[in-house]
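All residue numbers for the sequence shown refer to the numbering used here, where the first residue is 1 and numbers rise by one.
If a hint is listed, it holds; no wrong ones were tucked in.
Okay, the calculated beta carbon distance ranges per label pair:
#1 Gly88 x Asp217: 35 to 43 Å
#2 Ala44 x Ala67: 13 to 21 Å
#3 Glu134 x Ala216: 30 to 38 Å
#4 Lys122 x Gly144: 33 to 41 Å
Because the hints were derived from the structure by calculation, they are not lab data.
We put the beta carbon where it would ideally sit given N, CA and C, even for glycine.
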Amino acid sequence: MTGCEPAKRPSEAPAKPHLPVVTQLDGIDVSHLQGVVDWEQVAASGKVFAFAKATEGITFVDPQFQANWAGMKKAGLVRGAYGFYRVGDDPKAQARNFLSQVSLEPGDLPPVVDIETMGGVKMSPTRLAAELREYLQTLEQATGRRPIIYTGWGFWDPDLVASFGDHPLWVADYGPGKLRLPDGWTRWTFWQHSQHGQVPGVSGPVDLDRFAGSRADLDRLCLPQAASK
Numbered sequence: 001m002t003g004c005e006p007a008k009r010p011s012e013a014p015a016k017p018h019l020p021v022v023t024q025l026d027g028i029d030v031s032h033l034q035g036v037v038d039w040e041q042v043a044a045s046g047k048v049f050a051f052a053k054a055t056e057g058i059t060f061v062d063p064q065f066q067a068n069w070a071g072m073k074k075a076g077l078v079r080g081a082y083g084f085y086r087v088g089d090d091p092k093a094q095a096r097n098f099l100s101q102v103s104l105e106p107g108d109l110p111p112v113v114d115i116e117t118m119g120g121v122k123m124s125p126t127r128l129a130a131e132l133r134e135y136l137q138t139l140e141q142a143t144g145r146r147p148i149i150y151t152g153w154g155f156w157d158p159d160l161v162a163s164f165g166d167h168p169l170w171v172a173d174y175g176p177g178k179l180r181l182p183d184g185w186t187r188w189t190f191w192q193h194s195q196h197g198q199v200p201g202v203s204g205p206v207d208l209d210r211f212a213g214s215r216a217d218l219d220r221l222c223l224p225q226a227a228s229k
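Work the whole structure out from these sequences, hints included.
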């Protein structure tokens with residue numbers, strides 16, 4: 001995933017211990033950079049879930065989000081939306097921008113915050129953690145679901161403090177060998193393992209992701225379906 005400027009990416013390093021995962025499901029994530037996506041083809045290729053970029057900072061709205069959001073649902077994919085976090089922007093205003101675009105329904109994944117770069121802003125790890133927590137709490141209060149955090153150890157470990165392990169982790173790591181987790185987590189929920197995937201229905205390269213669990217596990221993470229009468 002990227003914002004409107006190059007992001008800091010994880011690089012190779014010794015692996016940290018993490019819990020083994022037996023069952024995994026495949027998915028992708030997109031933004032306007034992928035253009036128009038044929039979601040029926042994506043689903044037919046065996047992908048189970050997908051994320052789409054919704055917003056960035058306090059004003060930017062991804063021009064393809066609403067089309068992606070509707071298309072994922074129509075194709076039967078488990079769908080999720082992410083907001084790209086801009087360090088230095090007001091956290092509550094960023095959350096309001098996201099909530100103005102994303103209306104979660106039963107069966108949708110919790111909201112995602114994508115935090116992967118300082119964007120040239122100088123801020124202490126303590127202040128950054130406090131502002132990020134404010135953003136996450138605003139989303140959780142509005143949606144009733146604990147947000148997922150997307151990040152990589154190359155950004156997280158030097159720039160943040162390890163106090164977010166109560167949030168599901170979507171980790172970005174593309175290097176060889178075992179997956180390395182950011183400080184504060186002992187397991188991953190989603191793993192973005194490639195930026196150069198080729199998937200039917202998507203023109204050009206696309207991010208590839210895995211979910212750590214079965215379809216039943218994925219459904220339990222989503223907003224609950226209404227009870228049948």
